[in-house]
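Asks: As given, the protein sequences belong to chains A and B, one line each in that order. Take 1 as the starting number for the first sequence in full-length UniProt numbering and just add one per residue. Take 1 as the starting number for the second sequence in full-length UniProt numbering and just add one per residue.
These are calculated hints, taken from the structure and not from any lab test. All C-beta atoms, glycine included, are put in the ideal place defined by N, C-alpha and C. Do not take every clue at face value.
[Said to hold, decoys possible] Residues from chain A that face chain B, not an exhaustive set, calculated with beta carbons under 7 Å:
hint, residue
1, Tyr18
2, Arg22
3, Phe33
4, Gly35
5, Pro54
6, Gln59
7, Pro88
8, Trp123
9, Gly131
10, Tyr133
[Unchecked claim] Pulled from the structure, derived: some chain B residues nowhere near chain A, Cβ distances all over 10 Å:
hint, residue
11, Ala8
12, Glu12
13, Leu14
14, Leu21
15, Gln26
16, Gln40
17, Ser41
18, His43
19, Gln59
20, Gln60
21, Gly71
22, Asp72
23, Val80
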Amino acid sequence: MTLRIQVQQQDFSVASEYELLRQDARCGAVVTFTGLVRELAEAELLGMTLEHYPGMTEQALTQIATEAQQRWQLGAVSIIHRIGTLLPNEQIVFVGVASAHRAAGFAAGEFIMDYLKNRAPFWKKEHTSSGEYWVAAKVSDQAALKRWE
Amino acid sequence: MLKILFFAALRERLACANTTLDITGQHLTAREVLNKLASQSAHWQQHLANAELLCAVNQQLVDLSHPVAAGDELAFFPPVTGG
């Protein structure tokens, strides 16, 4: 399996990542997910800062991708997560999976995002018109792991 | 020496990104280290004792019952919110 893990400040191109994922003729499916900075319902979002744990982050993402590969036959996995200051509508995260058939790609993509949300050491701080707040972890994200047990 | 790191909201509340603790000859779990740190001051007690915290030993997410040894890197942080 080809594995690309990138933790970076700079933006990324989904088109470039897709081109890399579609190089293997044994793979008939490429599934990609992109997460964006979303506006808030309760206050004007000016931007957010993403903190991480250098070293552990890359290891955690590699472990998650490796676990996905053990569950499904995957040709390639690419995970990109941005850090630093991001503005509304900017790209935060990219997960791309190449597989022989689509079912493995869809499932592995969801698996990787569910585990990333609960196990990868990233923290979001929102900057809003009414102040700065660390984002609280969601119970729904923890519950999402149960379907993979 | 045990290297201890704090991240995100916990780092800000403690006003501390990292510290060290001499645990030579002691067999401690991450929770016991947390209790030692909390006993250092009322301020640290407030932010370490009751918070829902995760911990990592040598950059691997583990339970608070995980043992630590001199030379390890131990990190405490709030539940993660990436993605």
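Asks: Just want to verify: Glu12 (chain B) was marked as not at the interface with chain A; is every Cβ pair farther apart than 10 Å?
Replies: violated (8 Å)
Asks: Less than 7 Å between beta-carbons is the criterion; does Tyr133 (chain A) satisfy it with respect to chain B?
Replies: violated (9 Å)
Asks: Against chain A, does Gln26 (chain B) keep a CB gap of more than 10 Å to every residue?
Replies: About 24 Å separates Gln26 (chain B) from the closest Cβ of chain A, which puts it past 10 Å; holds.
Asks: Classify the hint on Pro88 (chain A) as holds or violated, based on whether any CB of chain B lies nearer than 7 Å to its CB.
Replies: With a minimum Cβ separation of about 16 Å from chain B (threshold 7 Å), the hint on Pro88 (chain A) is violated.
Asks: Confirm or reject the statement that Gln40 (chain B) sits farther than 10 Å, beta carbon to beta carbon, from all of chain A.
Replies: holds (23 Å)
Asks: Hey, is Gln60 (chain B) genuinely clear of chain A, shortest beta carbon separation above 10 Å?
Replies: violated (7 Å)
Asks: Against chain B, run the beta carbon of Trp123 (chain A) and see if the smallest gap drops under 7 Å.
Replies: holds (4 Å)
Asks: Verify the interface restraint on Gln59 (chain A): the C-beta must sit less than 7 Å from at least one C-beta of chain B.
Replies: holds (6 Å)
Asks: Using Cβ atoms only, decide whether Arg22 (chain A) comes closer than 7 Å to chain B, and label the hint accordingly.
Replies: With a minimum Cβ separation of about 24 Å from chain B (threshold 7 Å), the hint on Arg22 (chain A) is violated.
Asks: Evaluate the condition: distance from the CB of Leu21 (chain B) to the nearest CB of chain A exceeds 10 Å.
Replies: holds (19 Å)
Asks: Checking the smallest CB distance to chain A, is Gly71 (chain B) really beyond 10 Å?
Replies: Per Cβ check, Gly71 (chain B) is outside 10 Å of chain A; nearest 16 Å; holds.
Asks: Check the non-interface label on Ala8 (chain B): least C-beta distance to chain A beyond 10 Å or not.
Replies: violated (4 Å)
The structure shown violates the earlier hints numbered 1, 2, 3, 5, 7, 9, 10, 11, 12, 19, 20 and 23.
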